[in-house]
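Could you build the full structure based on these sequences and the hints that come with them?
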Amino acid sequence: MLFLLRMVLMSLHFIVAGVLGVLIGVCRPFNPDNSRLCARLYAVPAMWLLGLKVKADVDSLRHKPGTCVIIANHQSNYDLFVFGTVVPHRTVCIAKKSLKWVPLFGQLFWLAGNVLIDRGNAHKARRAMLTTTRTLQHEDTSIWVFPEGTRNLGKGLLPFKKGAFHMAIAAGVPIVQVCVSNYVTHMQLNRWNSGDVLIRSLPPIPTVGMTSEDIPALMQACQAQMDACIKAMDGQLNSV
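Sequential numbering from 1 applies to the sequence shown in UniProt numbering.
Any given hint could turn out to be false.
Only pairs whose alpha carbons sit at most 27 angstroms apart, straight line, appear in this in silico DSS-like list of lysine-lysine [said to hold, decoys possible]: (1) Lys161 <-> Lys96; (2) Lys97 <-> Lys161; (3) Lys231 <-> Lys155; (4) Lys161 <-> Lys100; (5) Lys155 <-> Lys55; (6) Lys53 <-> Lys231; (7) Lys161 <-> Lys53; (8) Lys97 <-> Lys155; (9) Lys162 <-> Lys96; (10) Lys162 <-> Lys100; (11) Lys96 <-> Lys155; (12) Lys53 <-> Lys162; (13) Lys55 <-> Lys231; (14) Lys97 <-> Lys162; (15) Lys53 <-> Lys155.
Keep in mind the hints are simulated off the structure, nothing from the lab.
Note that this is a predicted model, so its numbers are computed, not measured.
Right, here's the structure in full:
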C-alpha cells in the first residue's frame, strides 16, 4: 500500500515539477544553470516522498576546477532524483534525443540547455560531440555524462563508451568521477525508511597533454577507480 501511495505521489510530483521546470526554461531559455535548478526541483521532494536518505561527500564536485567532464554510474531512472541533489553550477547533461518527446520533462530538458544526441545517426552524434567540446572550451559550462550509456540496474558497471573521454581530451579539461552506492536493488519502497544512499566524488583527473591514444588506459583507470569506490560505499552501508 505504501509503495502504491508513493508511486501516485511521485507521478503528481513529476507533473508539477515538470510544469515549474518548463516555466523556468521559458523565462531563461538554454541557461546552463537551469539544469541544476530543475534537478533540485525534482530531487528534493522526491527523496522525501521515496523515503531515501542521501549522504553526499562531493567536495571535489562542488569545488570542481572550472569547466570539466563529469562522469557517473547509471543505475536506474531514479538517478534523476538521486543525483539531482549534487548537480553543480553551470552543468548540462548529454542524453538520447528521444527524451525530447517525454511530456513536460523532455521540453524542460531541452530548454535547460542539455545536449540531445541522436545515437542512431553517427554524423549528427559526432556533430553534437563537437558542439559540446566547444561548450567546454568557451562557455564556462561543464558536461555530465553517464559513460555506460544505459542503466546497469545495480548489477555492476557496464563497459564505458569513449564519448566522454574524447570530449575531455579534445577540450583539455579534467574528468570528475561521481559514484553512487548500489541502491536500486536494496531500496524497499514499502517501508517508511526505504534505504540509505551514498554519493562520493573523486579527485579530478587532468587530461592536458593526452591524445586519443591515451583513451583506453584512461577509461580503464576511471572504471577501476569508480568500481572500487562503489564497492567501498556498499561495504560501508552493509556494515551499519
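Evaluation of the provided hints:
1. Only pairs whose Cα atoms come within 27 angstroms are accepted, and Lys161 paired with Lys96 is accepted, the gap being roughly 14 angstroms.
2. Taking the CA atoms of Lys97 and Lys161, the gap is about 17 angstroms. The hint holds against a cut of 27 angstroms.
3. For the suggested pair Lys231 and Lys155, the alpha carbons sit about 12 angstroms apart, so the restraint of at most 27 angstroms is met.
4. This hinted pair checks out: Lys161 and Lys100 have alpha carbons roughly 22 angstroms apart, not beyond 27 angstroms.
5. Between Lys155 and Lys55, the direct Cα distance comes to roughly 21 angstroms. Compliance with the 27 angstroms bound is thereby established for this hinted pair.
6. A threshold of 27 angstroms between alpha carbons decides the hint, and for Lys53 with Lys231 the separation of about 19 angstroms falls inside it, so the pair holds.
7. A threshold of 27 angstroms between alpha carbons decides the hint, and for Lys161 with Lys53 the separation of about 30 angstroms lies outside it, so the pair is violated.
8. This hinted pair checks out: Lys97 and Lys155 have alpha carbons roughly 26 angstroms apart, not beyond 27 angstroms.
9. With a C-alpha separation of about 16 angstroms, the suggested pair Lys162 and Lys96 falls inside the 27 angstroms cut-off, and the hint holds.
10. As the CA atoms of Lys162 and Lys100 are separated by approximately 23 angstroms, the hinted pair is consistent with the 27 angstroms bound.
11. Restraint check: the Cα-Cα separation between Lys96 and Lys155 comes to about 22 angstroms, which is no more than 27 angstroms; the hinted pair holds.
12. Using a Cα cut-off of 27 angstroms, the hinted pair Lys53 and Lys162 is violated, with the two alpha carbons roughly 33 angstroms apart.
13. Restraint check for Lys55 and Lys231: satisfied, since their Cα atoms lie roughly 16 angstroms apart, inside the 27 angstroms limit.
14. At roughly 18 angstroms between alpha-carbon atoms, Lys97 and Lys162 fall within 27 angstroms of each other, so this suggested pair holds.
15. At most 27 angstroms may separate the alpha-carbon atoms for a hinted pair to count; Lys53 and Lys155 meet this at roughly 21 angstroms.
Comparing the model with each numbered hint stated earlier shows that hints 7, 12 do not hold.
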